[in-house]
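Trainee: With the hints as extra help, turn the sequences into a complete structure.
As they're listed, the protein sequences go chains R and B.
Residue numbers for the first sequence follow my numbering, so the first one is 1 and each next one is one higher.
Residue numbers for the second sequence follow my numbering, so the first one is 1 and each next one is one higher.
Simulated from the structure, these hints should not be mistaken for laboratory data.
For every residue, glycine included, the Cβ atom is placed at its ideal position computed from N, Cα and C.
Wrong hints could be hidden among the right ones.
Stated by the list, open to error - Where chain R lies over chain B, by a calculated footprint (3+ residues, C-beta under 8 Å):
1. 26-35
2. 144-150
3. 158-167
Unchecked claim - Over the 10 Å line for every Cβ pair with chain B, so calculated as not near, a few chain R residues:
4. T39
5. H56
6. L121
7. P122
8. T139
Claimed, not checked - One-sided excerpt, in silico: chain R residues whose CB lies under 10 Å from chain B:
9. Y34
10. Y191
11. R197
The residues making up each chain are set out below.
2 protein chains.
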Amino acid sequence: MTATTPADLWPEVRPEAARRLLLAAVEAFAERGYHATTTRDIATAAGMSPAALYVHYPSKAALLSEISSTGHQQTLALVEAAAAAEGGPVRRMRRLVEDFTAWHARAHTIGRIVQYELHALPPEDYAAVVELRRRIEETVRTLISEGQASGAFDVPDVRTAARAVLSLGIDVVRWYHERTAEPPEELGRRYADLVLRMLGAPAGA
Amino acid sequence: MTATTPADLWPEVRPEAARRLLLAAVEAFAERGYHATTTRDIATAAGMSPAALYVHYPSKAALLSEISSTGHQQTLALVEAAAAAEGGPVRRMRRLVEDFTAWHARAHTIGRIVQYELHALPPEDYAAVVELRRRIEETVRTLISEGQASGAFDVPDVRTAARAVLSLGIDVVRWYHERTAEPPEELGRRYADLVLRMLGAPAGA
Chain R
1 MTATTPADLW PEVRPEAARR LLLAAVEAFA ERGYHATTTR DIATAAGMSP
51 AALYVHYPSK AALLSEISST GHQQTLALVE AAAAAEGGPV RRMRRLVEDF
101 TAWHARAHTI GRIVQYELHA LPPEDYAAVV ELRRRIEETV RTLISEGQAS
151 GAFDVPDVRT AARAVLSLGI DVVRWYHERT AEPPEELGRR YADLVLRMLG
201 APAGA
Chain B
1 MTATTPADLW PEVRPEAARR LLLAAVEAFA ERGYHATTTR DIATAAGMSP
51 AALYVHYPSK AALLSEISST GHQQTLALVE AAAAAEGGPV RRMRRLVEDF
101 TAWHARAHTI GRIVQYELHA LPPEDYAAVV ELRRRIEETV RTLISEGQAS
151 GAFDVPDVRT AARAVLSLGI DVVRWYHERT AEPPEELGRR YADLVLRMLG
201 APAGA
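Mentor: Written as C-alpha cells, this is what we have:
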C-alpha cells in the first residue's frame, strides 16, 4: 500500500516546527477527540513548550482549521482536475471517483478529523470550509448533469446521485485502516465501477 | 418528517431515570464528544446527582455501551427482517436499503455516537458490537450472493458491493440534519433505487 502520511499533506508548511505541530495535532485529535485534547498535549507530543506552540498557531482551533482547510483544498483540487480532464463524462467520473476514494483511504486519519470535527471550527473558518464543500458538490453535480445531457448517464435525481457519489468516498475514512486488504487505488477502481453503474452508464463504458 | 427522538430507541428501558440518563448522555456526547464529557455533565443534564447516576450506570463507558449496543441491535434486527421477508432478492434488498437508510436519517444524532465513538467502548462491549456488525455485513453479503446466484444481481465482487450498500446508509448520519429536504423514507427510496442499479439489477426491477 502507498501510505500517505499526514506529513505528505503539508509539503510546503514551514518552518519544520509548524509542520511537526500539525502532525502532533492530527495524532492527538484522532486519539482522544478534538474537545478532549489540550494545546499542552499537542506541544508535548511535538517536543515543544505550549509557549512555542503559540508562536506558530494562536490556538487549538487554529490547528484544526489548518488541518481541515488543507484537506478540503486538496480534495477540491483533485475533484476539479478530474472533472476538467480530457474525455467524456464516464472517463472523467471514473477518474474522479478513483482519486477521491484513494485520497480518503490514504488519508483516513486526517479525513476523520476533517469530517467529524467540522462543527468545532471557528465560524469564519467553518464558512470557508462550507464553501469548499459546496464547490466539491457542485463540480460533481455539473459532471453528472453533463453526462445526463449527453446520454452517458441516466439518473432520476442529480442531487441525490452526487451526494451518494461523495458519500461513498467520504465514508471510506470511517472504516478504512492500515490492514484493509485493498490498497487505496484498488478500492478506488472498484468504487468507480459501482458508481458508474449507479449513474446508469452503459455496462463496460 | 417522522422524527425518531432518542427516547423512541429505548422504549423498554426502565426506570424512567435510566432512560433520562441515556437521553442526556446522547445530547452531551453529540455536543462535545465522548472524551470531553464527564459523568457530572450527564447527571446534571438529567437533573440528577452524579451519585444517582451511578445507581443506574457504573460509568460513562456503560452509558456509551448501552447506546451503542441498542443502536446496533436495532439495525441488525431491521436488516435481518428485510433479508428474511417474502419475495425475491430485489424486493428484499429494496426494503433493506429503505429501512437501513431511513433509520440512520431518523436517528442521525445517535448514529454519529454509535459510529464515531466505537473505539471508546470497553474491550468486551466493543467485541460484542463488532459481532453485531459482522452479522449485519454477513446478512447483506448473503442476500447479494443469493441474488447473484438467481441472476437478479450481477456484481464483480460481493464483499465490496455489500460494504458500499452499508456505507451509503451509515454515512447518512454524518450529513443528515433536521432541515434536510428529503424525509427519511423518501431518502430511503432514492437510495434503494441507486443501490439496485449498483448491484446490476435490471432497470425497473
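Trainee: Taking the numbered hints from earlier one at a time, note which ones the structure violates and give those numbers from smallest to largest.
Mentor: Hint 2 alone not satisfied by this model.
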